[in-house]
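Engineer: Listed below are the residues making up each chain.
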Amino acid sequence: MPEFFHRKLERSAIGFVLAIIAAASVGGIVEIAPLFTIDETVEEAPDMRVYTPLELSGRNIYVREGCYACHSQMIRTLRDEVERYGPYSLAVESQYDRPMLWGSKRTGPDLARVGGKYSDFWHVAHLINPRDVVPESNMPAYAFLARNRLRTDDLSGHLRAQRALGVPYTDEMIENAGRDAYGQAAPDSAAAPGVTERYGPATTVSAFDGVATQLTEMDALVAYLQVLGRLTDAAYRDTAAPEEAPDPAE
Amino acid sequence: MFDISHETLVAFSKSWGLFYLMGFFLCVVVYAFWPSNRKRFDRAKTSILERDDKPWQ
Amino acid sequence: MNATDRMIGRLTSGERQAALILCGLTALSGAALGLAGRNDVVGWHGLLMLLFAGGFGFLLMTRLDMAEPTEDRGASYYDDPIKAGIVLAMAWAVFGMFMGVWVAAQLAWPDLHFDNGWSTFGRLRPTHTTGVIFGFGGNALIATSFHVVQRTSRARLAGQVSPWFVLLGYNLFCLLAVTGYLLGITQSKEYAEAEWYADLWLVVVWVTYFVLYLRTIARRREPHIYVANWYFMAFIVVVAILHIVNNLALPISWGHAKSYTIWPGVQDAMVQWWYGHNAVAFFLTAGFLGMLYYYLPVRAQRPIFSYRLSILSFWGITFFYMWAGSHHLHYTALPHWVQTLGMTFSVMLLVPSWASAGNALLTLNGAWHRVRDDATLRFMMAAAVFYGLSTFEGSFLAIRPVNALSHYTDWTVGHVHAGALGWVALITFGSLYTLVPTLWKRERMYSAALVEVHFWLSIAGTLIYVFAMWNSGIIQGLMWRTYTEDGALAYSFVDSLVAMYPYYIARAFGGLLFLIGAVVGCYNMWMTVRAVPQATSRTGDQPVAAAVPGE
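Residue numbers (my numbering), protein chains in the order written: chain A, 937 to 1186; chain B, 951 to 1007; chain C, 2 to 552.
When the alpha-carbon atoms are kept at most 16 Å apart in a straight line, the in silico EDC-like pairs for lysine to aspartate or glutamate are as follows:
| no. | chain 1 | residue 1 | chain 2 | residue 2 |
| --- | --- | --- | --- | --- |
| 1 | B | Lys995 | C | Glu223 |
| 2 | C | Lys442 | B | Asp1003 |
| 3 | B | Lys1004 | C | Asp73 |
| 4 | B | Lys1004 | C | Glu223 |
| 5 | C | Lys442 | B | Asp1002 |
| 6 | B | Lys1004 | C | Glu72 |
| 7 | C | Lys84 | C | Asp6 |
| 8 | B | Lys989 | C | Glu223 |
| 9 | A | Lys1053 | A | Glu1019 |
Here are some of the chain B residues that sit facing chain C, going by a computed Cβ distance under 8 Å:
| no. | residue |
| --- | --- |
| 10 | Leu971 |
| 11 | Phe983 |
| 12 | Arg990 |
| 13 | Arg993 |
| 14 | Ala994 |
| 15 | Ile998 |
| 16 | Lys1004 |
| 17 | Pro1005 |
| 18 | Trp1006 |
| 19 | Gln1007 |
Take a look, some chain A residues computed to stay more than 12 Å from chain B by CB distance:
| no. | residue |
| --- | --- |
| 20 | Arg985 |
| 21 | Cys1006 |
| 22 | Thr1013 |
| 23 | Glu1019 |
| 24 | Ser1040 |
| 25 | Arg1049 |
| 26 | Gly1052 |
| 27 | Ser1055 |
| 28 | Trp1058 |
| 29 | Asn1065 |
| 30 | Ala1079 |
| 31 | Ala1100 |
| 32 | Ile1110 |
| 33 | Gly1130 |
| 34 | Ala1143 |
| 35 | Val1147 |
None of these hints come from the bench; they were simulated from the model.
Idealized CB from N, CA, C, for every residue including glycine.
Next comes chain A alone, as it looks inside the complex (with noise of 0.2 Å):
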């Protein structure tokens, strides 16, 4: 019978494409349906905030310039990571991310919790040349960044989209949009309050690239760089002890 079945699905040859298909996308199905129920799984996070305008763009900048290709965003559980880079990354800090950049290969070092770990001042002289302050350093240097006036007037429309997926964004945010980016990184203007009232007062609100009068590429990325790791404390609460790197020759 079996052979009966295969020579029918092998005359047409659409039967034979169907056989590939139930081979094929049933792994895939098996693999993947159970994680539409995930978030039954995981962990809450009711501090978490979404990112601001200015963070966003600063993400998109990190997207657009293909940082992923050298550095991840994914601390595994295992115990060297956690010394050297922090609690290892929970699935609940990227729910707001799209595309994920957990990344695969690290030429640099993990940046999931890079926030506040340096100085803005750092991160900008860091970007214009990176072998100005670590010399043994083999990334490109982004000073272009500093030079590219950044843009804002798609940002209502980025929030827009992203609410239409999924995260929670306002009304009000998505109006403001444009001004909270520029106010994030202009302290003294009178953009600026919005942002804390909109984002929370844990927003940092700063001249990231040192200028306040004009915002800058440099300004979001380095933005986004320091809210890396800090969206929620969901990672430094009650979670288990991370493993020890197994031993192969074990």
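Fit chains B and C to the supplied structure of chain A, relying on the hints for placement.
Structural biologist: Okay, now just chains B and C, sitting in the frame of chain A:
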């Protein structure tokens, strides 16, 4: 679909995924070793070595 | 008459008009995209589509009144798109490998970029991966699949215009992707960086490819579908599924290059690596196994060792690979059971993989003198060996404790290149050296010596590359987890980076050798078409190596 609990889905994946795999392979093995298929396979093996280079009309 | 005249002259005037309409529609979509995106970088891509389609439209328009074809087209195979596909594949190979050498050199000498965005590592790296995987690999797959499906079905391709649409449309996708990265248009989803409109375009092209392939198979005169076609079909079908699911995204607007994927965080990670790993499986493995199962027996003039084994391994690969993606996410925030599942299936994958590699090598058993004397056949043998080695390494790296060491290091990069250079590129070069004289009806390749040179450059380049990355990866992984006696981490990250520099230089050198090999191959193919006399008799698909002494 979204009101199915995570546990149910995981349990389903872990059990039926495996049965599916075994059933699938049984069919493939039967097909590959079915005696009357031998001739077709032997023909397929050698037919690509034939030297004429025109479509059959 | 030049080649364009000949190729267009083989279309009826009705077909020329249909092709012109297709060009017009594509140009119109380009214009619409350009207009909607005039305030965004996507406007440039609208212009690119317009020019691309307009250029081909112009070629057609100036030849609309050419004479109708007189030959009986049903009596011959349709080889024009295959020839164009080979040329494109080799052009992309040189481009993609050059970009690879450049980015490799940037890691060793970080100032090898200009003071601007497009020349930094992060933007160039995807032009390398897309250039070699989709540009070189994809064009080679399209070309060889068109060849294999016709020969094994004993039927002409089921269309005159659609093969061109598939080939050229696919290259438009590659162009959009690669130029996009340089302009800063990317989704930053590994191996799926192209943005939403390019992805949509690829869906149109791919569906056409699928229908064309199925219709050609439906025309076949052989009762049985030869196994190479199974692999090509799995490649087409599954890549379509993967591409669509992974790239589901919401654009900011119709006139904006940027989109946000519908998958957030951990789901995106799973979908991404389900895609990423199966792109390796069905793009870089299944399709190229299709090549192996056709060109290796044809070149060796020996039937495949075991046809049954090829069937078993086909279904094994189709089935197992889909489960294995999560081994890219060991020790991450992905649920533990999914990691274990991925590991288990990755280890099981070794069985069908080695079945294929063994099948290929056993086919050659008894013809080793040919392997010795014919570099083309040796390309394919070496490819099978590297396939066996890198699938073993893949299963090994998928084991959680091993992965704890290897992940995030150059070991992964070395593994990928053992597969990509050693397996994918070598089987492609072997197939193309078989195909070029056959298609252009030449007696032989221009220079057997240059094929030898290419072979040894490729082998040397691959080995240098892979050994450098093994060393650097393992050193890196060990340094990251080394503790001093009082329980502190022994090395800073920068210490581990400094240790990498010698290997990065070696790697760039290995890649350079491989690139030079590809350039030599291009020259040899070019001269074969230009300077080698036409074969006097119709030799069909038999190999064209000089007579082997002792035979």
